[in-house]
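Heads up: the sequence lines are chains A and B, in that order. Quick note: the first sequence uses my numbering, first residue 1, plus one each step. Quick note: the second sequence uses my numbering, first residue 1, plus one each step.
Calculated from the structure, these hints are not laboratory results. Mixed in with the good hints there might be a few duds.
Claimed, not checked - Between beta-carbon pairs, the in silico distance windows are:
hint : chain 1 : residue 1 : chain 2 : residue 2 : range
1    : B       : E770      : A       : G372      : 24 to 32 Å
2    : B       : V271      : A       : H405      : 55 to 63 Å
3    : A       : K513      : B       : E810      : 35 to 43 Å
4    : B       : T876      : A       : T92       : 31 to 39 Å
5    : B       : D487      : A       : R158      : 28 to 36 Å
6    : A       : K513      : B       : D284      : 24 to 32 Å
7    : B       : W264      : A       : W542      : 58 to 66 Å
8    : A       : K379      : B       : E974      : 40 to 48 Å
9    : A       : V79       : B       : E857      : 53 to 61 Å
10   : B       : V754      : A       : K513      : 45 to 53 Å
11   : B       : V271      : A       : R545      : 43 to 51 Å
12   : A       : L373      : B       : G610      : 46 to 54 Å
13   : A       : G372      : B       : E974      : 46 to 54 Å
What the hints assert, rightly or not - Simulated coverage check for chain B against chain A, where a stretch passes if three residues somewhere in it have a Cβ under 8 Å from a Cβ of chain A:
hint : region
14   : 613-627
15   : 635-644
16   : 896-903
17   : 1073-1082
18   : 1146-1153
To be verified - When the alpha-carbon atoms are kept at most 20 Å apart in a straight line, the in silico PhoX-like pairs for lysine-lysine are as follows:
hint : chain 1 : residue 1 : chain 2 : residue 2
19   : B       : K827      : B       : K717
20   : A       : K152      : B       : K329
21   : A       : K513      : B       : K143
22   : B       : K490      : B       : K565
23   : B       : K965      : B       : K728
24   : B       : K238      : B       : K143
25   : A       : K520      : A       : K452
26   : B       : K329      : A       : K156
27   : B       : K706      : B       : K696
28   : A       : K152      : B       : K565
29   : A       : K76       : B       : K1090
30   : B       : K717      : B       : K728
31   : A       : K520      : B       : K143
32   : B       : K717      : B       : K696
33   : A       : K452      : A       : K513
34   : A       : K549      : A       : K567
35   : B       : K490      : B       : K1090
36   : A       : K452      : A       : K549
Beta carbons are placed, not taken as given, at the ideal position from N, Cα and C, and that holds for glycine.
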Amino acid sequence: MADGSNSTIHVPIERLAGRARVQPIEIPSIDPPVERTPAALPELDPAWQARLQAELAAFEADERARLGLPEPSHFKDAVHDRFTAAQRAYTTILVSGLTIAHDALVCAGLRGLGYRVQALDCPDYASLANGKEFGNRGQCNPTYFTVGNLVKFLSKLRDGGMDTRQIIDGYIFLTAGACGPCRFGSYVTEYRKALRDAGFDGFRVALFQQKGGLDQAGEGEVGLVMNGPFFVRILTALMVGDALNALMYRIRPYEIEAGATDRAVALCRADLVQVLETPGRLKELPLALVRVRRRLAAVAVDRTRVKPKVGIIGEFWAMTTEGDGNYRMPAFLESEGAEVDVQLVTAWLLYNLWEVRWDTRRRMGLEGHDGGLWGLKGKGAPGRKIWAMHAADKVLRAVFQSIAHTMGLHGYTLPDMEELARVVQGLYHEEVRGGEGHMEVAKLLLNTRHRKVNLTLSVKPFGCMPSSGVSDGVQTVVQAIHPDALYLPVETTGDGAVNVYSRVQMMLYKARKQAEAEVKAQLDRHGVSGDRARAVIARHPWLGRTLYKAPHGAACAAADLIAQAGKWANWADRVGVWIAAPW
Amino acid sequence: MPSQPAATVTHPAVFADRTAPVAIGLDVGSTTVKAVVVDPATEQVLWHDYARHHTRQPETVLEFLGRIAAAFPSVEWGRSRVFATGSGAGPIAGPLGARFVQEVNAVALAVEALHPDVRAVVELGGQDAKILIFRENEANGDKQTWASMNDKCASGTGATIDKCFVKAGVPADVAATIRFDPGRLHHVAAKCGVFAETDIVNLVKTGVPGDEILNSLADAIVLQNLSVLTRGNTLLPKILLLGGPHTFLPFLVEAWRLRIPELWAERGVAVPDLPVDQLIFVPDRAELYAAMGAVRYGLHEPGQQGLYRGTDALADYAQQGRKARLAGKAGPPLAHGAGEVARFADRYQVHRFVPPDLPPGSVVRGALGLDGGSTSSKCALVAADGSVLWKEYQLSQGNPIADCKQMLARMREGASRRGWILDIVGFGVTGYAGPVLDQALCADAHVVETVAHMQSAVGTFGRDVDVICDIGGQDIKVLFLKNGDVDHFKLSNQCSAGNGMLLQAMADQFGVPVTEYAQAAFQAELSPEFSYGCAVFLDADRVNFQKEGYAKEEMLAGLALVLPKNVWQYVVQVPRMAELGRTFVLQGGTQHNLAAVKAQVDYICARVPGAVVHVHPHPGEAGAIGAALEVWRRFRRTGETRWVGLDAAIDVAYTSRTDEGTRCHFCPNLCSRTFIDTRTPGGTTARYIAGFSCEKGTVEDEVALKALTRERARLRKAYPNLVEWEAKALFSSRQPPRPMPAAGSPVVVDEVHVDGLLREHRRTVARGFERSDGLAVERRRRFRVGIPRVLNIWSIAPFLRGYLEAAGVERQNVVFSEPTSEEMWAKGGKYGSIDPCFPSKVVQAHIHHLLFDVHPERALDAIWLPAITHVPSPLTGTMDHASCPIVQGAADVARAAFTKERDWFADKGLALVAGAMTFTERFLLKDQLWNAWGDHLGLTRDEHRFACDQAWSALDEFQAERERKGRELLEWAEREDRVVVLLLARPYHSDPGLHHNIPEEFQALGYPVLSSGAIPRDRAWLSRYFRADLTAGLPDVFNINDVWPENYSANSAFKVWCAKFAARHPNVAVLDLSSFKCGHDAPVYATIDKILAATHTPASSLHDLDANKPGGSLGIRVRTYAYTLDRQRERLQDLAHRKRELEERIEAKRAEIAHRLAAERAAVAVAPPVAAPPPAAVGARVALQHLWQRAARLVADRTRPPGG
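For reference, chain A alone in the conformation it holds in the complex (with noise of 0.2 Å):
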């Protein structure tokens, strides 16, 4: 073609050959490379050689500066995540990528074993614009958001006078390293170029990788020591961090006086920051859990209002986040009447003891070990393993339920993994891994199945590659399965907000009717008015208690509290002992 286009003129052929100026030639057969025998030079001992080639090279580097030939010099991108424990003391290790909770928790609990730590604000839309100048083209949104938010923190210390070099040397990020398969385990490849294009060139950023330690090459005693109370003091941070969220969006939509959860939660978290940053104090843990248990508590509710129940799923970070990076999604389905069921970091641990032990499992009676990341070669036996993961899911499960009873956060399971694995079977391979690998079509399954919720709503980052690219097109046949599912994609890109909030009104629409419909089904099932199941609920003050749990049956939790009153009601007619009838 001429040009290139759609188009081209009537001989085209000739006049490119012509406008290329070459003439055709033929290759000729490849001869073997023709051998040049040297002239016979006089035999030298090492010694003599040496002396031979160090004038030789000096003469060829002459020779190349004189014919412009210099050797060509190649592109190294140097890896900077050394921390060391003399540098302890003035290094600040920077946290991000989790809820505030979680942030704050998390920080806490390294404070209290010696580190300096500061968490980042939640990632906004300054962060994102930085991380798109910086960037590289094509990211997902989590990389922009979260290399942005580094990359603005660092400048505005350096806006703020700070010289590079002591920002450099001072500060230290540490960050999760992301699973592989989708373009986010690249994300570190992020960091060093946008801090390198930012003036931060040499800023250390450090991962916790799957080999099993922070890597921090270099001379002496590692930075960051993680040892036993390291992992019991982050495991725990995230556990807390995660019940605390879980009771947060279970009180707040139903609170009568507006802003009184985020006192109480602020207040406590306040509070269990303390307990963990104080060294010596962990052990006080559970009377906090108590007090917060406490404070939440006091929080006065009205669990009648109608309130469709939102499943968040998705992407990770895109469905963590509480920023601009998911349009402040919790925030806005709450302000428009929804109950929010998020997911929690713990879930996601499940998830990795998972795979670890299906992939184990699967590779098990082979013919032969293989080797290589994920083969069982010279990895010891494979049982032991097994069973190792099977009991860190038992204790993980055990521990998360002590804290979050303790906490209140009654009636809440955690999901099971094997369960998940074996309801997408004949819809998603299990061997197919990135992101969330096959737990979002099961979740939906499982929301659709178990009526968990109204209205799940998939969030993640434009073009996400296992959510958008595999489990939405999945996720069609589990809405052609169950057609009553309510089922929301939806894609974040730091823009055009106003679309997707259009997209979530609509289906919250058809979640309310349904929430409505779950509502209308208790009162007939138990034959109760509205009214009179409200005033069975005052009458039985425990029924309306802010940590109370009506035993699931519908997705929406007017829905359970009507069914449980409905119950009282229909037992009180029939017993009619102390319960007087002023109804």
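Use these hints to put chain B onto chain A, whose structure you have.
Structure of chain B alone, referenced to chain A:
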């Protein structure tokens, strides 16, 4: 909005006597406001109106409410209710007391009420496209609504259609009369508005008539929506079409009426016996449905929601509230005060052109240059000294020949008015319209745009220019110069195109003439902060900002401010601009807009200390001037011209024809071509052919085709294209497989058993080979397997074929789908439910091809679509060799697409074999294959093991052959000092449907093409190139941790390695291809750039490839890159001479030193024994000798006479 009239006819009635309350429905959209007044008792519409708001949403709503109040003077407003819907309704609802209703719900309610028998709705709005499907729940009989809205990347919306009207030069009233003609369609990508515009520019510039372009656009929109927006669901009759474009564009409606019934027929849908216009129809008052639905929704809401509070609060909001609300989050203004604007304008305003004051009768001698750009055409008559004698500019009227004739006629008339005698030494062309004008008018020079702009800038500002930034209607071109010549360049890709046009379109939408853009933008006291990037995303932002209450002046300022970010951060991607140089020249028609210039100048000056920014005195005509300068250069050398002359050019007659006679029948694509025949008064005729998708379309008859084929074969032989070779060889049957061992032949196998406590027990057993019975063997022989030629199957196809053939499947029964083609995509692309990268999305088309084309011909027993989780890779020390998640999951997605509504595999009686395959673990892979095929093929374990081994052999043999070819090519290039173009891409980009034959463009220009897979992997051979790295401590030639440690993705990591190889091989230039939305290529864009830039390896990257071939921008790239490659070849030849000299001198020096040292050693041997000098002393002595030699040579050089 040309696709819609300015306003509908307002209901004329005045309801003077009505006192009962009413319900008002307001639909505040992205471009218009619609209102209905409804009687709550009867739900009858009493009054309605419709108008564009030009971003003055509150003001327009106030105006509507004022007119409603006038029409209903006696109504009891205190009990009347208001319901608002639409993207802009949020902030307006509150002050009015209105209840907000989400628009899709509103539309659904209106449709349910007015058309209970409708089962699907397609609504195209200004920004959004929506599809609603009404389904009956079989369990309870409830009617449920399923809704789908377009993703961020989408076309088919009113805004896109509007912009395409402008580009095609078709007025709205004419568009309303166009009828749909499926016989005259051209390729338009409707995936995204910007992609569509790019294609339309190409069609316009190749002379395709406006009605055909709009028909093509309509068809593309319909097909895109059917393939993506329906999410694979079938739209069942009856179907309602809503939205402005459907209301006002009959040809769009007709396109739906053609394409939907085709789907019904293919999917076996029972269709009522009614005419198609009753099955798919546009209702009356379609534009009012959302407003009517909002009222209906509201009236069914309990309580007193939406009670009308009057207009005071809204008026207050319009005047005060929004500015106060925005103050906190808005960005800075474009200028602070009139003084700053005046000072800036004084320095940078492009002055009005005044032709030179020459007396009548003067002979005016000049070269004529013409730039047929994307949205406008420009021509300039340039004197020998580079001064401009005359220039013309006009917005494209739809045909470049017509544009050219008109401009030249105006020039002739102007010259004649002044009494000038024109002496035109020649004619040069550049731009999108270059090829057609070159052919029609016999141009002396056809210059690629980049070179034209470079010549113009250097001609005006001298050779000190460092950077030229040209922003036209469609493309952004940034050229980086060294010594007055193009060193390298960056072009906007498909996703960053259309920026200049966006400024114009936005001004149009706001009702501001583009000439007054700057004036308006400078008035803004604040600005919204747009997210930079794609023009469609910017438009989406615009809707958001409108909703937030920004005024049009502020939006125009914000849009101007985002332009430099798009140029420098998105296209150029250099955060530290100071590295680029100090002298910048701004060119292109957009520089007439002083707001855009100010944003650019401020941006550059803030980042480049001491920057000098020039605006070209003829910014729009810079390309035309460059073409004219090239004509002068040639004229000075030859003194000749071949162009037809001014009068002949003006009088040239042309016909443009697209019909059955022009259709190409040389391949199954059956392209609808356009023939443009031009005839000059002198009798010269020329035919220009446009609208084909492959080179066969360039000829008209069999004889010409044969000649073309011969020429093609010659080129293939002369300049091998290994990408083309491997695209065939990968899927062909190779050597016959080794025969299966006979039953009872001795074998040794490992048997393993896992007990209940998860302990493995292994034992080695020697026994006889087990064969399956004769029936199974016969069944296998006849078993027929279809394999889609997609994704990572391009890495392992010989393995799949090898396995099946070794297992006993006849070679002709292993059937790969055809390479991707437009036809295949058009037929099979409608089953998908998501919109990922094209290589992944096209899987559904291949499955469709196997099910509906291959299977009916000769029945398949199975389709094999493995989920390949890991691919083979030669790299070492990497984190993993994983496939991308989308590629891994493509099998699950495809299965979902073809089983969702109906299980097509079961219907066709074949099995889908879709197990995982992990090519990095051979034992696991063996087990995975057994699970997939053991039962289907009736194999014994021994037969299966044998087949696996054979499969690996087949893959290894293919790889060996590929590497042999690659090595031959590279060694030939080294010997001959030639340049080889390496296709740096993922394996599946070897599919011609994905690389769009771009490698062939280079082959045709005389450059052999090497595929990434064909780079030899012999460590000894490679160590020649990686010698310095290995010496510096790199553990292996295949290790890339020194440049990219986060190397999980096998294909990305291999791309990075190939870039390293290219940077080390002097004869390799790089063509870097990447697909739109490729999440695994994006992280290594900068890494690959840096690797190649460090060694100045010639490289051209074409990212964001999609279903369409990026014709126009590709042409610029190919021709500019060819210019670079030519220079690289010269450099190689020069280097080769110097290298040879170096080698000879080193050898001579070696001999000299060796003999000298031998003599010294001999002298030492006979001398009295002394302690050997310590190494340091030896080194010091050598260094001193060396210094002495250098000093002596320096003195000799200084004293040598010049030239001596």
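query: Which of the numbered hints are not met once you compare them with the structure shown?
result: As far as the earlier hints go, 3, 11, 13, 14, 15 and 19 are violated by this structure, in ascending order.
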